[in-house]
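S.K.: Chains as they are written, first to last, in UniProt numbering: chain G, 1 to 360; chain R, 1 to 360; chain U, 1 to 276; chain A, 1 to 276.
Honestly, the hints are just simulated from the structure, not real lab data. One thing to keep in mind: the hints can contain errors.
Below, in silico cross-link-like pairs of lysine-lysine (DSS-like), each with a Cα-Cα straight-line distance of 27 Å or less [to be verified]:
1. G/K339 with R/K284
2. R/K174 with G/K284
3. R/K284 with R/K234
Note that the coordinates shown come from a computational prediction; the quantities given were computed from them, not determined experimentally.
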Amino acid sequence: MDVHLPTGGVEITARDLGKRYGGVSALRETTLDIPAGEFLTLLGPSGSGKTTLLMILAGFTRPDSGELFFGDQPVHRLPPHKRNVGMVFQNYALFSHMTVAENIAYPLRIRGVGRADCEKRVAEILSLVHLEGFEDRQIRQLSGGQAQRVALARATVFKPKILLMDEPLSALDKKLRDQMQVEIRRIHNALGVTTIYVTHDQREALTMSDRIAVLNRGAVQQVGTPNEIYTSPKTAFVADFIGGSNILPLVRNGEGVRFADQDILALNSPPDAELLYLVARPEKLMFSSSGEPALDANRFSAIVTNISFEGDSYAVSAALTNGREVTVRCATTIRALPKEGEIVTLELARQDALIVRGDT
Amino acid sequence: MDVHLPTGGVEITARDLGKRYGGVSALRETTLDIPAGEFLTLLGPSGSGKTTLLMILAGFTRPDSGELFFGDQPVHRLPPHKRNVGMVFQNYALFSHMTVAENIAYPLRIRGVGRADCEKRVAEILSLVHLEGFEDRQIRQLSGGQAQRVALARATVFKPKILLMDEPLSALDKKLRDQMQVEIRRIHNALGVTTIYVTHDQREALTMSDRIAVLNRGAVQQVGTPNEIYTSPKTAFVADFIGGSNILPLVRNGEGVRFADQDILALNSPPDAELLYLVARPEKLMFSSSGEPALDANRFSAIVTNISFEGDSYAVSAALTNGREVTVRCATTIRALPKEGEIVTLELARQDALIVRGDT
Amino acid sequence: MHSSNNDRQISHGRRAWLYLWTAAVLAFLVAPSLIVIPMSFSASNLLEFPPSTLSGRWYASYFSSSEWMRATAISLSTALLTVLIATPVGFLAAYAVARTTPRLGSVATAIIVLPTILPHIVVAVGMFFVLSWAGLINTITGLTIGHVVVALPFVFVVMLSALKSYDFSQEKAAVSLGASQFRAVVDITLPQLKMSLVTAALLAFISSIDEVIISMLVSTGSASTLSRRMLVSLTDVIDPTIAAISTLFILVTVSVIVIVQLTGNRSALVPGGTER
Amino acid sequence: MHSSNNDRQISHGRRAWLYLWTAAVLAFLVAPSLIVIPMSFSASNLLEFPPSTLSGRWYASYFSSSEWMRATAISLSTALLTVLIATPVGFLAAYAVARTTPRLGSVATAIIVLPTILPHIVVAVGMFFVLSWAGLINTITGLTIGHVVVALPFVFVVMLSALKSYDFSQEKAAVSLGASQFRAVVDITLPQLKMSLVTAALLAFISSIDEVIISMLVSTGSASTLSRRMLVSLTDVIDPTIAAISTLFILVTVSVIVIVQLTGNRSALVPGGTER
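Between the sequences and the hints, there should be enough to build the whole structure, so can you do that?
M.R.: Put into structure tokens, the structure is as follows:
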């Protein structure tokens, strides 16, 4: 049965797509190439333009500028119901007066698929989303996770080459969300459809995506694999938004950079930008033990202001000499946990010190 | 000025407090001793009885059974407005037709405090919550964090010996919540008032409390310091609710216990209960390197089913030989990350293996 | 806002006076509305409460009077025409208002509910002048126009409130699945608003049957509606037939409301409801 | 539901027919309501639209007629009494319903709004019978009782909806800070419902002024209210004074609504509003 399932994906090419509401740029000119079959996540805070970009892809929002291609076909003038794109809405938007089977069969009915074929394909897709036997359930009888699966089935049963998902897990609780993340990836892998997934949850983006596009204030900040985004953020915004970070402003000093009158040893050379920041992940800052300075490490003097026990770790807040607060995360197995008010030396190894530019 | 502030706290003694709605126990007979000046958190999921207990303390809910003392005074028959208890509500419940100063002065006005004295004490408490000069602001002009501070000021300005807080931070976003947690602790320390704090957020409870009472289905499961609760949970519920845990069902075998036909080496001897579980924190499970078995460790064979990159760590899901899934958390610096489908050996040191009883 | 916890802060003793107030208010409100029912079964030629002898003679008198029957026929046909016009027009107006910008929507809403905000007598006077001018006094057409103006705001308000709680993303979902905008409305929106449409139609019907003041002015003599004839009869002589007709009115109104409520509640259990 | 994004899915071309419908509906609704205004300024003895010569003679005729003035006085005093009774009673009933169990509350609500659900003519007939029996026909007391029954549901509904969106935890907070339940209502709840109380009182006032059918039956001859006299005049002879009075009615009603709206909106900016 499953042999019929793979629908394949199609490449998406966006050229200079832009959208303004009144005087405000909801999306600045954006160019993006999404290979066929990729799982791309649009990640950003609310108002970052991620939903606007998704709605332009779906056809519900008309871009002011730019071009959009699905494969070779230009689609930026096509109305949404002719784009043949599957879409999963934030609140699922299931038709509440129809059964599960009627919901899923709706796109097939519109395409004039025959009754028998319809039933076969509904059963097929229900088995893919692990909801065998749910055909005659009413929508109101479904749990959140089941409704999510039905929405996914309805958006893929007509074998679209592109699947758009608008924060589909935001209404679920944490446990179900973790489970559905794995499920959605599994279904993506089974169908091979090009998937654009919108979320504001950085953890979700890291876990699920082939690539992530991080947006802020209407502009794409960085596109890359989860690992690239986490370990090599290009801007202070990305570094701060993905995982907690200590972001320290730097001053350019010839070839190098300084923080609070101290030369900084860093992994990369400073990028070409006006505003420069040092990124130090809380788990990479170490309390220096006694007087033996590690080679190739930055050392900062600081005073401990607060210690929080968080179960699997301590979060230690410390004020640097110029007053800036940083957070240090250390394991509960640490030998010598400093006390509040204690003066400590913090070490950041050169390979953990990244220089990024300010937000564009 | 600050010399006048400390209000001190009073001891709270609850004896067999119980409450039923219809046939359902909202709170089973609960006995609790809270020393003067303690910061005690009631932690539990919704419906666990934590709010019922708080409302009994406040006087808004009349218990069906039991006695309640504030110091030596029995209060279980006292109406709420005669209990002299400060309370911070989930939505703040600020009087929207009054200014900040009028809100804070309201409990003083009711107590017939003179105008000049009123003004002095409002200024004093505003300075404590870092809102100097906000006297004439309208409530609608306040941000969430400011409203929170005003609610706190209003609930403490009349120097109650007891302060009750009902999920006060649930409406704030994560950053502000972290900041207010520190603030609330600081104000608690300054006033010395006995504080009962209700939350469903285990991280908040760990960070803020002197002691935590964990509730589930109307019953107190465990009372202890954050460290005790995290490192020595007494029931499977507590282990699961505080920090993620792998909970494996055990079978008693003479003096010891077995899991899947394998004797388990554990930190503690099995408690006297019917259902027993092994608690293994995800960060304590290790991938065993090659054939050298660690002394005094449990070893489990497992197949890797999923690997999620989560930025600062990997979450590896693995199925044990009897089909149970466990989660292993490992640092991104791990030398040999296993692949999906790989068969691995998991190690759990004896001192990290805790045996707990099922939920009471 | 309201929760069982909140209740408990007012003790039962304190609530007693609230209960008393409420009971007094309720008795005061119900008495005049329902006193006609026992009166209508009186056998006496005079109004009696309580009736000394019971009989159904006033019901017989109503059904055997050709004048009352004629008035009833006029009322019913006008009400039916009113429903057929006001329901679709009101739905389309509400749909337009729900989908347009908030500013335009509130202007349109203000104008549509104008006839319910202005004194009814003023609307009736205006309607009388307009219909005189158009030569439609004493015609069913004229009467229907008058009643549509009165009924439309009810339909509009019911449909607008239904559309406001309707999840338009379902329409959007249908479009994303390949349906045209029109087909999405027909396939998805209308079936889900079924119950509200029925409610709106019944409200339009009742408001037309119940309308007196416009009828008073624009339909006289043999074109009188039932409610107009009742009012005129009462100001002339005291005829207990009126009590019988009033009782029938109550019966019909209450049945309609009960039916709407029951189907409304059933719609929470079976498909077709607007909730989700 | 409604969002600026949703709008964009209907293109402007497609929306044109919706706009047209709406415009037609609006014109149809507004015309009869407002046509009396130009007519009232006619100088002719006959009804004219548009008027050939303008004059204020019909306004002069209204203000100089002792009969019209007497009717106006009766209307105003009845309306004032109605407000003074219906507002506090309606608030207390709404407060009781808001704080009691949902089941008891919905029974009470159903009974309180009964007079607005039943045909107005039925309520009027019942009221006529009750007042005849009590010997209160043609008295201001009787008329006021009738109008309170009609006005109370408005007050009740306005106050209940205000109380439903009111955050009762403020009352609870006041109690936790040391206020008795009664003091909490007076200090916290009432000041925040100020605007809704004013709205409810104005609605009660307008509904009394506007009431015709009960007035038609229970106040005759020299005890006639203004709206009753207007209706009776129109069925006798066509007197353009009616157009003048209707215009004044519109003026008063619209002013009241505008004032409520303006103060209502201001209350969103200054203290005393119910929002938070």
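S.K.: Indicate, hint by hint, whether the structure satisfies it.
M.R.: Evaluation of the provided hints:
Among the hinted pairs, G/K339 with R/K284 is consistent with the structure: their alpha-carbon atoms are about 26 Å apart, no more than 27 Å. At most 27 Å may separate the alpha-carbon atoms for a hinted pair to count; R/K174 and G/K284 meet this at roughly 22 Å. Between the alpha carbons of R/K284 and R/K234 the distance comes to roughly 18 Å, so the proposed pair stays at or under 27 Å and holds.
Consistency with the previously given hints is maintained throughout, with no hint failing.
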